[in-house]
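K.L.:
Sequence:
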Amino acid sequence: MKKLFVGILLVCLSLPAFGQRKAQAPTAKKPLTHAAYDEWKSITFGKFTPDGKNLAYTLNPEDGDGKLVFLNLESNQVTEVPRASNIQLTEDGRHALFMIKAQKDSLIQLRRLKKKKEDMPKDSLGIFDFQNRQVVKIPQVKSFKVPQKAGGWMAYQLENLETERDIEGNDSKPKKVSDENGYPLIMVNLNDRSELKFDYVKDFSFSEKGNALVFYSTGNDKGGQAGIFWHDLEEAKTSLLLEAHSKHKFKFLSLDEAGEQLAFVADLDTTKALLRQPKLMYWKKGMEAAEQIADENTAGIPENWLVSDNFRPYFSKSGERLFLGTNPPPILMDTTLLPEEMVQVEVWHWQDDYIYPEQNVRADRERKRSYLAWIDLNDRKLVQLGSPEISEIRVDEEGKAGIALGMDDRAYRMMRTWDISAYNDIYAIDLNTGTPRLIEAEIKGMPRLSPDGGYVFWYSSPDTTWYAHGLATGETVNLTEGLDVSFGNELTDVPDFPSPYGVAGWSTGEEFVLVYDRYDIWQLDPKGEKNAVRITKNGRENQRVYRYEKLDPEERMIDLSTELLLSVFEEGSKDAGFARWEKGKANPEMLVKTAHRYNLLQKAKSADVLLYSRENFQEFPDLHVADMSFGKAKKVTQANPQQGNYLWGTAEIVKWNSLDNIPLEGILYKPENFDPNKKYPMVVVYYERFSNTIHQHHKPEPIRSLVHRTMYVSNDYLIFIPDIVYQTGYPGESAFNCIIPGVSHLIAQGFVDKDRVGIQGHSWSGYQTAYILTRTNMFRAAEAGAIVANMTSAYGGIRWESGLARMFQYEKAQSRLGVSLWENPLPYLENSPLFFANKIETPMLLLHNDADGAVPWYQGIEMYLAMRRLNKPTWMLNYNGEPHWPVKRENRIDFQTRMMQFFDYYLKDAPMPLWMQRGVPAIEKGIRQGLELVGDNI
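Quick note: to get my numbering, add 90 to the position in the sequence shown (first position is 1).
Please keep in mind that the hints were generated in silico from the structure rather than gathered at the bench. Positions of the beta carbon are idealized from the N, C-alpha and C atoms, including for glycine. Just so you know, not all the hints are guaranteed correct.
For lysine to aspartate or glutamate, the following EDC-like pairs were computed, each having C-alpha atoms within a straight-line distance of at most 20 Å [said to hold, decoys possible]: (1) K207 - D269; (2) K998 - D765; (3) K978 - D195; (4) K265 - E208; (5) K617 - D649.
Here are the computed distance ranges between Cβ atoms for each label pair [said to hold, decoys possible]: (6) T360 - N468: 27 to 37 Å; (7) L960 - N579: 34 to 44 Å; (8) L1021 - T134: 25 to 35 Å.
Please construct the entire structure, taking both the sequences and the accompanying hints into account.
P.N.:
Structure representation (structure tokens):
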């Protein structure tokens, strides 16, 4: 091997930690504007080294170049690397590897100059050494990989490089480096910085434990052989496992956990036959060459079926089993026909499993559908498990159990048109024979296997009950029978069965399954021999929600003999934190509980130190570190110090009763310098229930659909977020009954200007907004995005993104009518704002994009045309080619700008923008935006 990094750049910027910076003199705070978006950064990645002594995290703006930060938690030394992404920390904690992007403004400028792709700057690879804190930069890198559970090695592929013959001026044409031929692969020993180069590599993979590197090369033009190669990292030896032809194709290089076996899919047919016949190849350490272990003629594969080249084979944990996919032969097109000779017609059959739009969405998935099979590597016997009848097969986590779970939903697929929740017949599949045994028919829920495959367990929605089926005994046990609590969502207000609160996991040895109710964790015996135990004991009494925190990503089962860390949420105060549970203790021990939200919790792999983020409305979710009891807690990042330069606000819970006397909560956001003797404009923003999110931080960013509460309170608005509780059949009236008394309650406090109240919603709350405007003139202005105006036409519509019929939304889900259009058409008429548009007196801004895949945009058009026909002030925004909401950043900024101009005009008497005065004619679209204020530079 030769020494690495000839001509490689070293870049390193070391700084003191943020806490050592000198404090700046206070300055007058200013309100947020849309220009402030670019100042804010997010922490999108944070991770300890295994010893917990170093932290890597990113600070990335929404637009522009971010940076990767390495912080030594003992010395507070900081090293920053600009534009880093795809960050990997090695298992030994010595190195971090990452890609470094070219500067965004440079790329934009080169695109303006219409530079070709090959002339654009390429990414670089960065390697950070945690010991000497140096960063090595390797230019023109395409990709890299490191072993999952070992340090000391990495491999990367280079982009197009000059070949030796190019450099030597040889006239003969060299083999090109390309996607078809492969790229140079450089394997690096990170400890001594030596390297080994392999030419024209198309695919490569390390073993988990870092003892081998396998790769597929198309061979070089100096006599280098094409084929599959194995490089033994312990013996520093490269072996050819399969000699290949240039037209051979290989996919899915899959190694076992020990790094001693390899499987891959090969297409060895050098002809142009349309029907390809993939082979499954296998190699084990000690074999001279890889050999075919399965093909279309292998005993056990159904007649005329093929080995799938769309399924990645994998080994069981023990390495004794190899799982693969099979499939029937594909339907081939007649390639002799010219385009004009082909008939393209959709035949919609009333008894299709899936309606045609959903078939179109699923078409690629169905073409690539594979059916699970497995091979016993001791005797090479293949057993087919999956079939078109029982297509979904689940095996246990380690692939060692003798029975798999099979699911068949064919009898219930038509129901998806009006009932989207899953029904299944579930089967126990004998791995030795592939024979299915029916466990239960018509399960409404999602059955799963226990970690070792001893049980199938599921939550049954109709009776909100947990069941377990012993695969050894064949007995099904009702685990929650006789318990006086619900394991389904107690707050469900849709016309369907409640969903479960979830599962914490299984205890060691599959002795118990731990499930959640609204507040507590329950220990349930899958055999049904021991009584259920509420291990958290005091959650419901205190309206305190306990949930298990899994600190070890590789943990398969929960050890109840050790201490467990639980997250805590108080429904009353909205405080959150963490508690410690210990067997035999009366109640969980509270470790920390504050008026915040906590996220990103992780533990260093080999040290008792925790990393987490903490936030509330005023506090950005910076990273903190603490010991296992949340002692010695320390904030270690300061992502957005500029926040102190801006006016912010406060958030508080308000309470009132609905018109039908239901106690409700909501959030009221007030400006930072709130004066109770002043009257403020207010915007009502809502969806369903938001009050539990009071401690969520809302950094300035161009969000896609709702009023940005921080932006508005910074500009002297009040923002009110009421919770909505629904009654089936009356979704619009339910929203009215909840919102109107909430607004009246706040007006009565004396600080809301009753003549300057607006309302805003999107999608479901966009619909509710349009409905409410038909019932009241309380609001001076309203914005409603992606609305349903006419429930009769929307009921028969399609969600084009998923291909699903919209009927289920009204009969079983969010739209909450609970009946079909033919069972009772009246709720569809009464809840449709279109039919009562003549009662609307509130100016309305609509948003509905022409590529909306959730709510057909003709719903917005229906409302717009109704308002136009009735000569009522209405504007509609349509961001061409955008889905349910604006996605492109420029469009999100534009929408937020126009919506704020709209509310400023009606609620603050600000000047009218030009687009509101005269619109933006089609011939000006994309040229003039009309954002200028009337009377201002016009």
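K.L.:
Just pull the numbers of the violated hints for me, sorted ascending.
P.N.:
Violated hints: none at all, because every hint is consistent with the structure.
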